[in-house]
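Participant: Read top to bottom, the protein sequences are chains U and Y. Here the first sequence stands for residues 0 to 440, where the numbers follow numbering that gives the first Met the number 0. Here the second sequence stands for residues 0 to 453, where the numbers follow numbering that gives the first Met the number 0.
Hint data in this document are derived by calculation from the structure and do not stem from the laboratory. Being a predicted model, the structure only gives us computed values, none of them experimental. Ideal placement from N, C-alpha and C gives every residue a C-beta, glycine not left out. Among these hints, one or two may not hold up.
Unchecked claim - No farther apart than 20 Å at their CA atoms in a straight line, the calculated lysine-lysine pairs in the PhoX-like style are these:
#1 K362(U) - K429(U)
#2 K168(U) - K257(Y)
#3 K168(U) - K153(Y)
#4 K257(Y) - K353(Y)
#5 K153(Y) - K271(Y)
#6 K93(Y) - K384(U)
#7 K119(Y) - K25(Y)
#8 K368(U) - K237(Y)
#9 K418(U) - K429(U)
#10 K365(U) - K407(U)
#11 K362(U) - K418(U)
#12 K365(U) - K401(Y)
#13 K418(U) - K277(U)
#14 K407(U) - K368(U)
#15 K401(Y) - K309(U)
#16 K362(U) - K411(U)
#17 K219(Y) - K384(U)
#18 K309(U) - K368(U)
#19 K229(Y) - K119(Y)
#20 K119(Y) - K93(Y)
#21 K196(Y) - K229(Y)
#22 K31(Y) - K119(Y)
#23 K31(Y) - K219(Y)
#24 K418(U) - K365(U)
#25 K368(U) - K93(Y)
#26 K345(U) - K137(Y)
#27 K257(Y) - K196(Y)
To be verified - Label-pair distances were calculated between CB atoms; the ranges are:
#28 K407(U) - K222(Y): 49 to 59 Å
#29 P27(U) - A165(Y): 21 to 31 Å
#30 R236(Y) - K407(U): 53 to 63 Å
#31 Q223(Y) - A410(U): 27 to 37 Å
#32 G347(Y) - N142(U): 32 to 42 Å
Unchecked claim - Stretch-level coverage of chain Y by chain U, calculated; a stretch enters the list once three of its residues show a Cβ under 8 Å from a Cβ in chain U:
#33 361 to 369
#34 410 to 419
One letter stands for each residue in the lines below.
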Amino acid sequence: MATINILRQLVCMGAGMLMSAQVWAGLPIQHWQTSTGTEVYFVENHALPILDLAVNFPAGSSRDTREKAGLAGLTQQLLSQGAAGLSDAEISRRFADLGAILGGEQDQDRAGVTLRTLSSPRESSGALELFAKVLQQPEFPQNVLEREQARIISGLQESATQPASLADKAFSAALYGDHPYGIANADTPQSVAAISRDDLVQFYQTYYRADGAVIAIMGDVNKAEASRIAELLAGGLPKGAKVAGTLPPVPYPTQARVEHIAHPASQSHILLGYPGVKRGDADYFALYVGNYILGGGGFVSRLTSEVREKRGLVYSVYSYFMPLAELGPFQIGLQTKREQADEALKVVHETLGNFISQGPTDKELKAAKDNIIGGFPLRIDSNGKILSYLSVIGFYHLPLTYLDDFNKQVAKVTVAQVKDAFARRIAPDKLVEVVVGAGTK
Amino acid sequence: MVLTRFFCFLLAWLPAVAFADIQEFKLDNGLKIIVQEDHRSPVVVSQVWYRAGSLDEFNGTTGVAHVLEHMMFKGTKRVPAGQFSRLVASAGGKENAFTATDQTVYFQQLEKSRLPLSLKLEADRMANLQLTAEEFSKEIRVVMEERRWRTEDKPQALVYEQFQSAAYQAHPYGRPVIGWMNDLEQMTVQDARDWYKRWYEPNNATLVVVGDVKPDEVLKLAKQYFGPVKAHVLPVRKLQTEPEQHGERRVTVKAPAKLPYVLLGYHVPVLKNPEQDWEPYALEILTGVLDGNASARLNQNLVRRDRIAISVSTGYDMIQRGGTSMFLAEGMPSEGTSVADLETAILGEIEQIKESGVTEDELQRVKAQVIAADVYQRDSMFYQAMKIGSMEMAGLSWRSLKDYPARLQAVTAEQVQAVARKYLTTDNLTVATLDPQPVDENAPKHREVPHGHH
């Protein structure tokens, strides 16, 4: 894509809002199943002549095995690079001719394939037809597989020299070990090289099924058209028994663990964490609101105040909970000049320890609620954002009223609940800690 | 797992606002106000653009525009340090700021009824910022951490910095926005004060508001809050031009990495007269032909067909207050391909266009994408505000945005070939390459130890 990788002379002040919240209210979500059993979530909106779609599969990177880690990503990447008799070049040319944009996103649980097209009849029908081919008739050509493997392997080799990537990988491994969420980020040049075309075909047949898929539709179509689109997309997907929810529970660490990876970078990259929270978790709202105060609220968080504003030790310090089907990560991250890594880490540990032992103040809790509740309209102010929420709500089977309930749930959180939830869920003496660079002598 | 942590914006592709409802006002003190109505959601984005960026800096104090941006959060008499962010957060808002070559921008996104807070706070810090040595001494350390994070430890960012320095020997675009580390180390609170005094004036600013608002109400609020701010005489701006380049320039950067990387570029014109210029539009189409989609020439030929690159891309920004721009291409070679071979291949693709031009199919494809992108961008109020502000900073008008798709539509295959021939020449070329160095082998090996609490 044009200009994506060109570096621009643009410098930001940084530290925006973190935490992947899923909040919206008053959205008229329509929900039904296609004739093949695929769940559909639809919001009709004609303000812009745009149609956005996401087809989500339980085909995230936690489906990988250690021996062939990277398979989930490679399968998704190759969907659009040869399908229904069309080459990779023909597919991208056709999408471009229609002005349509094919996209994808993947995390540990989910693989989402997205399409943005103009809603005008010629463009949308052409783009949808092509989209259906990509979803339903991928061919995984051997020569394309080899090319993409080589690109991914080069990328992995490059990442292995860069401190931020090294820290990410080491963090996942230390936090999750052999749990599928650990394997989800364990791809290596060797594991990617071990993947064959048969692996891709089998992975696709197993996880890209009609009855496990969730379709999200947002924008300029009516219900009848949306229904027709959903049938078109789901109809030709592989059929068979539903994929079992095979994820085991995430074990909690039994002791603190520090990984130190030497690197000559001028800054040490530091990640700390612990198994966090699930989608639909009873403690979710207390942890979410609490984390805003601790490190999710950008400039106003305790971590930013202590580490950056008071001491000037970092440009960015943050914390987040990423909710997944099983316990997603709770993570604190920062980068600081290597000579002051120990000092910064000490402040982070103190800040976290104080927060867990004493909880937030009434004033902090009120400020957090004011922001989360008052900022609600910003969360659903674009078609793109709404599409993402539809995917999450559908994929995790959250109630359709989840949004309306969200603000109510946030409003109900008390200081005692935050304190209690953090005390039960985060053990500051058993954290996983990764330092790439210098520090922790 | 990677969540967006920083608000950074790429301004390269700037299609127009179609049938948008935009109004422009000016206060007596010179503050310009541009309001675009977008009633899809009950929200508003408010941005104050100062025509002050690294373009306006002097050697020895590079980075001061960006340092001042950080200091703008450090308090006034009425709103002490840190309170700006707390007030906006308590109103449910998001806020941040960024500095670029041409401008410094401060923004808030809020539920629409909270707009008065945003304007009140911005007007206050436009006039009443308190710059103390104590706050400066902490914040300059934060900025140095930012430079380490953004540039020092990022091999490709170092290459870009060196590339700009080589390509621009007189023009201030040759200096990094974040500033040279040595300049940051020696910077004082007085440098920040001087900068604030010189440029932070209503007559050097534009307020852009996009959202579920009525223009006359925004004007009323703007008058109320910004009206009392006094205008001052601005320093005379002396636009520096880059002397013509008379021969290829090369730089090499060594840094810890595995893959080499090449960034090359040519001096090209910017948009100065939107109604008459055609070259910038032709250059924009040229980037689309080379890199507008996955089947465009560079990706199709170098990544997919010949497999000599793992990635390639191009870039061109026609909106630049500095009066000059670069046509850029970059790539990372595949295993077994040298960076020199990749450079030759990229240059070969450019030569091909100079010799044989582009096809009608390619032209139509790029144009179809432009039309669609123009619609898609209306899904983001923030981006629409960005486009308006960028035009204004460059001395152009938002009014020209509406003609952008039509101007691109009018570009012919001959014009695309003509700009390639005219500007993409060897004597006008700068090439920067990354020479990857092994990660220090003397560093201790990965070790793991059970660890108690700190």
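Participant: Report the numbers of all earlier hints that the structure fails to satisfy, in ascending order.
Facilitator: 1, 4, 5, 8, 12, 15, 17, 18, 27, 28, 29, 32 and 34
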